[in-house]
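S.K.: Sequence:
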Amino acid sequence: MRIPDVAPGAKILAFGHYQPATIVTNDDLAKVMDTNDEWIQSRVGIRERRIAAEGESVEDMAVQAGGKALAASGLSASDVDLVIVATCTLETQIPNAAAVVAHRLGIDSPGAFDVNAACAGFCYALATASAAVRGGSARNVLVIGSEKLSQWVDPTDRSTAVIFADGAGAAVVAPSDTPGIGPVVWGSSGDKSDAIIIPDRNDSLHQEGQAVFRWATTALHPVARQACERAGVDPSELAAFVPHQANLRIIEAIARKLGADKAVVARDIVTAGNTSAASIPLALSRMIERGEVRSGDLALVLGFGAGLTYAGQVIEVP
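Letter by letter, the sequence shown follows residues 0 to 317 in numbering that gives the first Met the number 0.
Since the hints were made in silico from the structure, they are not lab data.
Possibly wrong hints are sitting among the right ones.
Stated by the list, open to error - Listed next, the in silico EDC-like pairs over lysine to aspartate or glutamate satisfying Cα-Cα at most 20 angstroms (straight line):
1) K191 x E236
2) K30 x E55
3) K67 x E288
4) K261 x E315
5) K10 x E251
6) K67 x E251
7) K10 x D26
Said to hold, decoys possible - Beta-carbon label-pair distances, calculated as ranges:
8) V263 x G208: 34 to 44 angstroms
9) T21 x E251: 37 to 47 angstroms
10) E207 x V5: 21 to 31 angstroms
11) S77 x S294: 23 to 33 angstroms
Computed from a prediction, not measured in an experiment: that's the story for all the values here.
The beta-carbon is built from N, C-alpha and C at its ideal position, and this holds for glycine as well.
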């Protein structure tokens with residue numbers, strides 16, 4: 000048996016993102032439910048969010064973000080041989096989003112599959128892509144997080160409708176002589192799986208907000224620290240901390256406990272809302288676009304959500 004040539008490391012070549020055109024402010028929501036701007040901002044930190052058009056799908060947004068990441072990477076569609084889409088909000092389970100997105104981007108006959116680890120999905124998919132490249136199973140991988148949460152929430156339920164939103168983010172992973180994606184620390188707390196659920200295909204998303212808040216603010220900073228340790232990086236060396244954009248109070252609590260005093264902390268949730276598996280690549284892509292982080296900087300990404308699942312790794316900013 001001949002073992003294929005393997006790469007000593009994997010790195011991210013580029014990010015890309017997409018947000019729908021429709022902006023929904025807190026004042027807009029106050030017109031259809033019992034809420035107001037002060038109530039929403041004090042609890043979750045969100046001012047506005049993006050909502051997809053009625054006919055705009057998870058796959059549509061994934062194609063937009065994936066196309067931008069691919070263009071920024073300098074690779075062509077023919078260079079990609081694996082596509083992974085992280086999502087938990089497909090309208091239908093078959094066909095998978097990855098095969099559809101790959102075809103629409105002109106990527107010929109790639110491996111293609113979806114990952115459902117909810118809000119930790121992008122980190123799970125990124126770790127899988129890194130392993131595939133380093134193990135010789137893929138040359139270049141397109142990883143996309145894309146979500147249309149608006150179609151799975153009750154638009155009159157202020158406990159969820161004020162939080163969740165739509166969008167997509169993507170990254171291109173390629174071989175590298177030195178590691179640009181650190182070892183993943185991942186896991187789950189299945190005993191708490193009923194904290195965030197969609198009971199059936201005709202129901203909407205339900206969340207036990209206080210239970211999730213307590214779990215996230217107590218259980219996740221050790222995961223973040225462990226991801227740094229496995230990468231051989233002290234938190235003080237981080238230029239950015241990009242956690243899942245779940246709730247501004249959760250983000251700030253984890254950041255304080257992590258102790259990454261020099262790191263820019265992503266607060267994309269303020270204007271993007273909670274976009275589940277899309278939130279980390281979306282936030283990091285926008286940070287790069289605004290010049291808040293530079294090529295070669297070290298960033299810690301940390302996803303967590305329904306399942307309850309979590310995953311984190313240190314990456315080098317492309």
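S.K.: Now tell me, hint by hint, if it's right for this structure.
M.R.: Okay, the hints, checked on the actual structure:
1. K191 x E236: Since the Cα atoms of K191 and E236 sit roughly 33 angstroms apart, the hinted pair is violated (cutoff 20 angstroms).
2. K30 x E55: 24 angstroms, violated
3. K67 x E288: 12 angstroms, holds
4. K261 x E315: 16 angstroms, holds
5. K10 x E251: 28 angstroms, violated
6. K67 x E251: Measuring from Cα to Cα gives roughly 30 angstroms; hence the hint is violated.
7. K10 x D26: 42 angstroms, violated
8. V263 x G208: 34 to 44 angstroms: 27 angstroms, violated
9. T21 x E251: 37 to 47 angstroms: 28 angstroms, violated
10. E207 x V5: 21 to 31 angstroms: 44 angstroms, violated
11. S77 x S294: 23 to 33 angstroms: Between S77 and S294, where Cβ atoms are some 25 angstroms apart, the hint holds.
The structure does not agree with the numbered hints 1, 2, 5, 6, 7, 8, 9 and 10 stated previously, though it agrees with the rest.
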